[in-house]
Amino acid sequence: MISADWSEDTGVGHGGRRLSGDSGGRSDRIVGSILFLIVIIVWGARAGARYGPEMYFEGDCPYYISTTLSIWHDFDVDLSDQLRGGLAVHGRQIALGRNGQWYPKHPLLMPLLTVPFYALFGMPGFALFGVLVLGSLAVTLFLLARLFAPRLAAAGGALLMVAGTFLRHYDYNITPDLLAALLAALGLLLLLRGRGVGGGCVLGFAVLAKLTYLFLLPFAWVYAFLRGGRRGLACSIAAAAGPLGLLLLLNLALFGSPFISSYDRNIVLQDGALTIVSHRGQFDQGLLHGLSGELFDRNHGLIPTSPALWLAVPGFALMLRRYRREAVLMLLLGEFYLFLFAT
1 MISADWSEDT GVGHGGRRLS GDSGGRSDRI VGSILFLIVI IVWGARAGAR
51 YGPEMYFEGD CPYYISTTLS IWHDFDVDLS DQLRGGLAVH GRQIALGRNG
101 QWYPKHPLLM PLLTVPFYAL FGMPGFALFG VLVLGSLAVT LFLLARLFAP
151 RLAAAGGALL MVAGTFLRHY DYNITPDLLA ALLAALGLLL LLRGRGVGGG
201 CVLGFAVLAK LTYLFLLPFA WVYAFLRGGR RGLACSIAAA AGPLGLLLLL
251 NLALFGSPFI SSYDRNIVLQ DGALTIVSHR GQFDQGLLHG LSGELFDRNH
301 GLIPTSPALW LAVPGFALML RRYRREAVLM LLLGEFYLFL FAT
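Numbering-wise (this note's numbering), the sequence shown opens with residue 1 and increments by one.
Rather than coming from a laboratory, the hints here were simulated on the basis of the structure. C-beta atoms are modelled at their ideal positions from N, C-alpha and C, and glycine is treated no differently. Some hints here could point you the wrong way.
As the list claims (entries may be wrong) - What follows is a set of in silico ranges between Cβ atoms, one per label pair, in the way DEER data are often shown:
(1) Leu288 x Leu320: 22 to 32 Å
(2) Phe283 x Arg325: 21 to 31 Å
(3) Leu311 x Gly25: 17 to 27 Å
Please construct the entire structure, taking both the sequences and the accompanying hints into account.
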């Protein structure tokens, strides 16, 4: 019988073994709930102990929060009422609209989702949102691991991915990176479970959360085709088309073209004049230099900040023996994004 989502393939990996967590079950829900509570309690307590207004003035946070405030108070995303100072001060963090508006440079999905948190809890709502997303990501990583590993091993691995990597520092932050990672992981989970429509749709929203996840879609679509044939591919593409269409319409409304994004309309001061620049020309760093920073930088490199990732080496070897198709997908995704952000 053909499944409700795509073809008759119901979760058998290319190595011939069925994905072990396909059916989920009550025990998985219990363990997932416990894992969620652990992350919420531990990292929530850490965030609460450090909480203070200064978190809202670090990095890009003021611009994310200003967007939420603009949506809530002004019913628009023009930040000119929220930001003090001219384009020389804020130009790198805003996108110039087609009529001169100060639109956010970063995606709008996270500010939209934080509106109810701000409405209910005020400024602490942003910190609460960040902790809830972190807990949800831990549960999603557990469910992903359950497709290939026993329950306790999957739960331990998910907890290690939070506690033993740079993710542990996201307890006191608000960033679209974490939300986008959650959506990407959830989309892949649905895709690996054979739910091409749900997976494609969620991966489409991951692009709305962080534009670079657009490059994840071709990998997902190839997997959908290998697993579900033309039907699986069509379901996944059609489901992603909805969120992607919203993004194109938003670009058209804000910048006058569906193919001009907020990252194409930033402002910098060059030779005393304000100039529009695009991020597309900024992927020009030397590959070796970029890889060195991504791997070894004391504050941001994967090796010093994320020792738990070393477990991926034996884990990949075991996964490759039993679930070759899924192992190759994960390897290609990891290496592609490593090289992309190294440039």
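Query - 21 to 31 Å as the expected CB spacing between arginine 325 and phenylalanine 283, which holds or is violated - result: Cβ of phenylalanine 283 to Cβ of arginine 325: about 30 Å, so the range 21 to 31 Å holds.
Report task. Kindly confirm whether 22 to 32 Å is satisfied by the beta carbon distance between leucine 288 and leucine 320. Result -> holds, 27 Å
Query raised in the report: Regarding leucine 311 and glycine 25, is the given constraint of 17 to 27 Å on their beta-carbon distance met?
Result: holds, 25 Å
Of the numbered hints stated above, none is contradicted by the structure.
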